[in-house]
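Colleague: Listed below, chain by chain, are the residues.
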Amino acid sequence: MTQNLLLSIALAPLIGSIIAGLFGKQVGKEWSHRAAIAGVAIAFILSAWVLKLVVVDGQTYNQQVYQWLQVGSLSLEVGFMVDALTAMMMVVVTFVSLMVHIYTIGYMHDDDGYARFFSYISLFTFAMLMLVMANNFMQLFFGWEAVGLVSYLLIGFWYKKPTAIYANLKAFLVNRVGDFGFLLGIAGVLMYAGSLDYVEVFTQAPAISEKTMTIFSGTDWSVMSVICILLFIGAMGKSAQVPLHVWLPDSMEGPTPISALIHAATMVTAGIFMVTRMSPLFEFSETALSFVLVIGAITALFMGFLGLIQNDIKRVIAYSTLSQLGYMTVALGASAYAAGVFHLMTHAFFKALLFLGAGSVIIAMHHEQDIRKMGGLKKYMPITYWTGLIGSLALIGFPGFAGFFSKDSIIEAVHASHIPGSGFAYFAVIVGVFITALYSFRLFFLVFHGKERFDTHGDHVPHESPAVVTLPLILLAIPSVTAGYFIGTMVFGDFFGNAIIVHTEHDVLAHHAESYHGVIGFILHGVTALPFWLAMAGVATAYYLYMLRPDLPTKIQQRFKYLHCVLENKYGFDDFNQTVFAGGARKVGQLLWQVGDKTVIDGAAVNGTAKLIGFTSKMLRQIQSGYLYHYAFAMIIGLWLLLTYFVV
Amino acid sequence: MFTDLPLLSLLIWLPVLGGLFVLVYGDKNPWAKPLSLLIAVASLVLSIGLYTGFDSSTHQMQFVEKMSWITAFDINYSLGVDGFSMPLIILTTFSTVIVVLAGWDVIKDRSNQYMAAFLIMEGLMIAVFSALDAILFYVFFEAMLIPLFLVIGIWGGPNRVYATIKFFLYTLFGSVFLLLALLYLHHVAGSFEILDFHNVSLSMPEQIYLFLAFLIAFAVKVPMWPVHTWLPDAHVEAPTGGSVILAAITLKIGGYGFLRFALPIAPDASMALDWLMIGLSLTAVVYIGFVALVQTDLKKLIAYSSIAHMGFVTLGMFIIFRIFANSATGNGAELAIEGAMVQMISHGFIAAAMFLCVGVLYDRMHTREISAYGGVINTMPKFAGFAVFFAMANAGLPGTSGFVGEFMVILAAFQADFWFAFLAATTLILGAAYTLWMVKRVIFGDVANDNVAKLTDINRREFFILATLALIVLVIGVWPAPVTEVMHASVEHLLTQVSQSKL
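Sequences listed follow chains A and B, in order.
Numbering follows this note's numbering, in which position 406 of the first sequence is assigned residue number 406; successive positions increment by one, without gaps.
Numbering follows this note's numbering, in which position 408 of the second sequence is assigned residue number 408; successive positions increment by one, without gaps.
Calculated from the structure, these hints are not laboratory results.
Ideal placement from N, C-alpha and C gives every residue a C-beta, glycine not left out.
One should not assume that every hint holds.
One side only, chain B facing chain A, incomplete, derived with CB under 7 Å [as the list claims (entries may be wrong)]:
# : residue
1 : 143
2 : 444
3 : 484
With a straight-line Cα cutoff of 27 Å, these simulated BS3-like cross-link-like pairs (lysine-lysine) come out [as the list claims (entries may be wrong)]:
# : chain 1 : residue 1 : chain 2 : residue 2
4 : B       : 440       : A       : 570
5 : B       : 66        : A       : 618
6 : B       : 382       : A       : 161
The whole structure should be built from the sequences, with the hints applied where relevant.
Modeller: Set out below in structure tokens:
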């Protein structure tokens, strides 16, 4: 592996982005997308080559590209580190990105910002690659913020839409709350490790874990716990974990291709990737792992519930993404990092597939996104239908599909975990299986089956999308099934090697690795286990409620009005943030400005001084009136006073 | 190539004399503007000679010139630069070129006087940064106010008289104490050489008084909370060029003053009073961040944002004592000082660019009210691209220069105290909130009204100015090493100075 190879991977999308972005007008639409797609395609092919070098030839890479800054003995660098974890992420990112690039040709065909869109998604690919290929915390933070920037630009892509520019500001700010923690975590790493280089920091992890620090006077905190929790707060922002999840559903205001690429498959999994990368640190802090586990479990379960009542096709999938990110986070908390990133990978494929499928439906429905106004699309859109079915089965974890392997290994891992919170987490992921199946197939049935409830706009019937749209669907459907078969090497084997460190007392996957006897055995075991039956129950419930008795959901809704109200308001997070944080900050600002700056500093101190001087001089001026008789009078009074003084 | 020339003198007197020439002979003359530009560009080229000829391995003063000026009072014309002043001089020459270009079509009334004022100011500011004689420093420090005062007073907005008087009195008030301090130091050191001041022993009470005198003088310039209220008023009334110079350079003189005077002359007092400085700096970051959020005037918002960003400069300079005390391994003290310096330089470019962006809008719509705008991107797409870029830089996005200084100071602050870093890092949220909320209301959205619908996109001159600034902001963000390399020796030297007690 050479530096040039890795640089080509990172820079090819950047060059494509620059061509489409800065010269889009000059080169035209065609060449804009050609340049962007060529860049990403190069990145994908070379990434696949890198994966081969890592997995087959056993190579790894860790070197500086250039020195960003040198301060004292501290060197901050831009550099690449490639091991199995990185190589896998590179392939996933570039593959999904390539699919989305091709799909975009069809989806954004008539949009005015065609070239701009290609520029953004290529730029995103560059930023995401820099993030996963980083060999130090600083570059990680660079990529971290850069993907956030592109996400901001893309959510607000249709900048005339008030909801879009509200959503992108919200997404950026909520992510910044996460980054706030993340940056403090990095600062902690630097303070206690004296370096930001991964390898150096990881080498020092045992020493750091011995240290304590004082945050509130009189209390000692484990440095490692503080650092890990701070870093994880960053992950909570980017990977949309409760309570920093609020931006993700709103991000659906962006065009569908980026919902697939950024807000489902890749960027939102950056947090999962980051925690996995930091496994040598997290392993030293059971407190942090418990925190991760509980946050993940809450997200997995409660965000799933919200998916049940959404009617916007993209929002249903968005809540599903939140819930699945919760699953991955749970895996991290249970120290089953390999299972977490394995789910990250399978999820990237099937969730991108589902989103792109949703986009295909949206095109056919003339940008109607309400699933109550769809139905019976199966016969009009066969490719979208079948690929959608594959995606849905993968999502609910139907045996043999990719999601089955990854989700089951997470559930098994949590079951075997004994750290505080694992009981609740196990409950959450088990119940989550039922919920996942229910909302997935509610969506599936309402869109593709049953009565045709859409408005045909006269004689116009929905039709299948063009090949540039369906081809990516088919290409994504393949790994949505087959990616699961890597479970033997990725989860139970030593695919990741030294990229992931798990301490023996946390190693929940090792226990299962012993009883793992091939894919068939895993499937057979899966069919007899509880999650499978819960998933089936979910599908059956969805079928019963939305196909057989479509009158029931409304009745249930009325019966459980309060519960529905809570779900409808998304547990009140948005209102709370809007009132307390957004409103509160403005109130504090007004108070400090009007009272602090204007009244006290300017009013009393500055202008007060000026007025005091003015007043004093005015008083003094009175004395010097210029009239002789005033002075004479004053002299007489003075004389009289002096005489009185001397006499008395 | 430049080594034989008295480069610093040239840099000071070329713009001053050139400015005087433009002032006297340039009235209604068509060549006044080209000549001004020529002088500004020539100064920029000369100042690059400072960079290329600079020896970054030493903290010693370089390009030194020394002549007797007023022998009776032992006052010398003594110049020189080190790693702190050299980058600031280049920032000055660069900003002046930008200002001349920015005023090219915009200033129609007495444009030669306008250009002349900025050229003269350029020379005076370079003199402030390169003066090694305390009185020389003081003279230029005061003289510099006059052109700025005139720029705001003549080409300023409707409320310019209040703003200029406030600005002038505020800063004058500060400098009275500075003069007293310098005279006292002469009495102790026996000369007016600033470098001699660095070496005198001073008792704690002496140091405290001196430190407070410096604090008053430089805190007003920075400006630090609570002596900051002149800045928003001055910015609002100043013409675009005035705002650019005010933000890019004059504020930096405050930060430079702390590095050149307060820290090395009164290290023990700096340490004893670091709680005050840290407290005021963090107040600037947090308090001002909230205040910026609720501004309805574009320029005021950016002015407040400047104050918050300058909070990082003073924070970086005064957390070093706590970092020494914690003896952490992360090179915190160097990070802190260099972070403060990088923040000053970066802020020079970003704040200048932000004020220029406001200027572009103001020239077209003649209002600075945020509510008068909305959907500017629809009619000015190129401008919107730049505005969003600079807004992101202002919000400290990695890859822009705005990130570098803040990043370094936050990393260092953690090594001083967790809570310092915690409060400083709130800028990640607050900075993004006030900047991007403004962007949302001004740039994005549908066309808000007829005036916005009639806007025309930036012309080639404006494009050139903004593109140059964008390029610099990007390059420093992606590769800040060349900027910090020249400071290393001076920073090391300063850290040695402040860690040795003078008692």
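Colleague: Hints first: check each against the structure and report whether it holds.
Modeller: Here is how each hint holds up against the structure:
For residue 143(B), the interface hint is violated, since its Cβ never comes within 7 Å of a Cβ in chain A; the closest pair sits about 24 Å apart. For the restraint placing residue 444(B) at the interface with chain A, the shortest Cβ-Cβ distance is roughly 4 Å, inside the 7 Å limit, so the hint holds. For the restraint placing residue 484(B) at the interface with chain A, the shortest Cβ-Cβ distance is roughly 6 Å, inside the 7 Å limit, so the hint holds. Straight-line distance between C-alpha atoms of residue 440(B) and residue 570(A) comes to about 25 Å, which keeps the hinted pair within the 27 Å bound.
For the given pair, residue 66(B) sits about 49 Å from residue 618(A) by alpha-carbon distance, which is inconsistent with the 27 Å threshold. A hinted pair counts as satisfied when its Cα atoms are at most 27 Å apart, and residue 382(B) with residue 161(A) qualifies at roughly 20 Å.
Of the numbered hints listed earlier, those contradicted by the structure are 1, 5.
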